[in-house]
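Plus 3 on top of the position in the sequence shown (first one is 1) and you've got the working numbering.
These are calculated hints, taken from the structure and not from any lab test. Do not take every clue at face value.
What the hints assert, rightly or not - Simulated restraints on C-beta separations:
1. Val-122 with Asp-154: 38 to 46 Å
2. Tyr-205 with Leu-136: 28 to 36 Å
3. Thr-71 with Val-14: 22 to 30 Å
4. Leu-126 with Pro-82: 30 to 38 Å
5. Asn-163 with Glu-135: 55 to 63 Å
6. Gly-30 with Pro-82: 49 to 57 Å
7. Leu-190 with Leu-141: 39 to 47 Å
Quick caveat, the model's predicted, so the values are computed rather than measured. Backbone N, C-alpha and C define an ideal beta-carbon position, used for all residues, glycine too.
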Amino acid sequence: MKLFVILDKAVRGPFDRDQLRQLAEAGAIALTTEASESATGPWTKLQEIPGSAELFPQRRRFEFKAKTFEQANRPSAPPVDHRDLIAAANKPLQPPPASLPGPAPAEAPPAAARRPNEVEEILRINREREKELGLDALKPMQARPNRRLRDWLVILAVINGLFVWLLFANKGNVTVQMFALGGMVILSAGITWIMFFVMDRY
4 MKLFVILDKA
14 VRGPFDRDQL
24 RQLAEAGAIA
34 LTTEASESAT
44 GPWTKLQEIP
54 GSAELFPQRR
64 RFEFKAKTFE
74 QANRPSAPPV
84 DHRDLIAAAN
94 KPLQPPPASL
104 PGPAPAEAPP
114 AAARRPNEVE
124 EILRINRERE
134 KELGLDALKP
144 MQARPNRRLR
154 DWLVILAVIN
164 GLFVWLLFAN
174 KGNVTVQMFA
184 LGGMVILSAG
194 ITWIMFFVMD
204 RY
């Protein structure tokens with residue numbers, strides 16, 4: 004049996020049975036694909052042609068196998084229903100009557116003092132030795148000399164001495180004297196701001 008089929012709105016074929024099976028496995032044709040024994044028709048669906056169902060083999064279905072886990076720690080008692088817990092919590096507390104016969108409950112013995120372990124004992128001995136040697140006492144810190152003031156005075160003396168020399172060396176040159184006075188003021192203010200407001204004490 005050879006059939007023509009319509010693929011992509013065009014007539015293809017003829018295809019024999021093996022070729023039709025290959026097309027079906029590739030997904031090119033389906034049971035709703037129109038086919039005919041003639042290229043001119045009439046066209047019918049493949050599912051209406053006898054024996055065409057054999058061209059479409061049943062697809063294999065892959066499923067995950069259910070895995071069983073061994074339960075090692077089984078509960079010794081059945082689980083408690085939460086409704087029972089709620090009902091027990093809502094019940095009022097009823098103290099036992101004092102007139103019931105029976106011996107008086109014995110008082111619990113006082114708990115024994117916890118003995119320090121070896122590590123705590125070693126730490127305690129070390130602390131006692133440190134206190135005996137005076138290692139906990141803080142040593143008085145010596146005041147650091149203020150080198151910043153000394154450096155500031157030295158720098159100002161050198162720079163201002165240079166400008167003073169320019170003032171007296173150029174008495175007749177007013178321009179040089181004005182630049183010397185301006186440089187003296189600007190550099191003195193700038194060095195003072197940098198050393199006392201920007202830099203830390205050293």
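Verification of the hints:
1. Between Val-122 and Asp-154, the C-beta spacing of about 54 Å breaks the proposed range 38 to 46 Å.
2. As the Cβ distance of Tyr-205 to Leu-136 is approximately 34 Å, the hint placing it in 28 to 36 Å holds.
3. Against the hinted window of 22 to 30 Å, the Cβ-Cβ separation of Thr-71 and Val-14 comes to about 56 Å, which falls outside the hint.
4. Between Leu-126 and Pro-82 the beta carbon distance is about 47 Å. The supplied range of 30 to 38 Å is therefore violated.
5. Checked against the given bound of 55 to 63 Å, the beta carbons of Asn-163 and Glu-135, roughly 59 Å apart, stay inside it.
6. Checking the proposed 49 to 57 Å range against Gly-30 and Pro-82 shows it holds: the Cβ atoms sit about 52 Å from each other.
7. Between Leu-190 and Leu-141 the C-beta distance comes to about 43 Å, which sits within the given range of 39 to 47 Å.
The structure fails hints 1, 3 and 4 (numbered hints given earlier, in ascending order).
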